[in-house]
Amino acid sequence: MKILKMPKQNLDFFVSVLPAFGEVYAPVRRGKSYAFDRPSRWSDVVMNYPRTILPPKKLMLPPREPTFVFDPKGGYRDLLVEASKPMVMFGVHAYDIWGLNILDRVFVQGKYPDPYYIARRRATTIIGIDYDPDDKHFAASMNADFADTGFDLFLSDIGDEYLVLVGTSRGDDIVVMSGCLMEQPAEADFAEYKRRSGRRRAAYKTRVELGELPEILEMEYHSEVWEEMGAKCLSCGSCSAVCPTCYCFDVNDEVELGGRAGQRVRSWDSCLFKTHALVAGGENFRGESASRIKFRFYHKQRGFVAEYGRPSCVGCGRCTEICPAGISIVTVIEKIRGERHGNASSVTATA
Amino acid sequence: MSEPKKVLIIDDDPDFVSAIGMLFESAGYVVQSAASGREGLQLAKMTQPDLILLDVMMTERTEGFFVLQEMRRSPTLSRTPVIVISSIYTEEPVFRVSPEAGWLPANLFLAKPVDPARLLEEARRLTGQSETVGAQAGGRERL
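Top line first, the protein sequences correspond to chains U and H.
Numbered according to this note's numbering, the first sequence terminates at residue 341, and the numbering increases by one at each position without gaps.
Numbered according to this note's numbering, the second sequence terminates at residue 1600, and the numbering increases by one at each position without gaps.
Label pairs and their computed distance ranges (CB to CB):
(1) H:1582 x U:75: 29 to 35 Å
(2) U:61 x H:1533: 22 to 28 Å
(3) U:30 x H:1573: 30 to 36 Å
(4) U:173 x H:1573: 34 to 40 Å
Quick caveat, the hints were computed from the structure, so don't treat them as lab data.
Positions of the beta carbon are idealized from the N, C-alpha and C atoms, including for glycine.
Extracted from the complex, chain U is given alone in its bound form (with noise of 0.2 Å):
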């Protein structure tokens, strides 16, 4: 892997280049939180940001997303097309980066590819940035907090510089086009890399332990956990639209009036809506609040890891940060390990 080192003061020169390969994202303002959206000046670039609203997911498998359209006249046309439009993430956090790549392993990888996912992330250039954990990261225990994969460069703070991992062909592309804001790193800056990433390792406050979890979720599937946690659950969706894991979708035919012209969508669903497992007939296979928010818990913490070789959640905090019930991912794990007692709703870290 190649790596060089940028002065932080190049840094808005480099971001101007990038759109020579693609719509460049990054992380902005929005009100008291942050959004990845295209920059109107470079002073809109947050690079310090805690976590966005939604992940990157939003730009791969868009919220709302038509995939094809047909009428009498034009007929069929794909949108496809539009899926494949050149894109630039920059400034996204390793536990993001690993939540795309969990989605590569679904919507890439799995038994049925989806040619949408795949154009968008073919057409999309990851760069990628370290932060400093806040206390609703649990990222190093899901063992997110660093990327070897599944980026194209990947800025690392050490100072006045940043060291850059080059990841891909096409970030060596950025280089070369770049190449002139970026200089040579020295062993003391891999000293530097090598000190503050060990910093950061050990910042995280809250920390959650994973070990035997499936097995142990197993033997707590009839939990009264589940039961305290479906009375507070208030089944918003909110927790699987944050997450930069769930992919959960529905497929409407939105038709117009005639029934001859229309298009075919899909949006993003959620296993906490009351809606998920209804099915012909009324039969609804989770009605009931528990059964839903234990089903998202079993899906991420033992399914995927039996199918995908690891849980699909990456601690990034977001669905602990959005919960209007006060629902804590990390709290809930304690409790069905055992480890704590009472208010599972709270958000206390341990060490």
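Using the hints, position chain H against chain U.
Coordinates of chain H only, in the frame set by chain U:
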């Protein structure tokens, strides 16, 4: 006689705007100007100029690059000819990514100080404004 073409100058240097504005007015263009990227973008969307002369280093040193991106995204400005006129390569020697490398979606890059004859020639080429349009046709509109 054909309608005079509109040129929008987006530059925070009033002396440059004044000098280049007079040059274009004397060549028969209607000149508009804006002193920042944001104002320029707003004016361009409202008045749909035939040519935009865009500075880079304004409130921020890369402001013009971002403005240009937004113009290229705009359905009404995506095809409007843009000449980027900047001293960025002399004032910021660390920035050596040549506009020839194809990353800058402008029709042309000219370094400041700009040669007026060359600028007018390129403007005529990009707008189709004929040399015979009289100076009387030109004028000034300022945001």
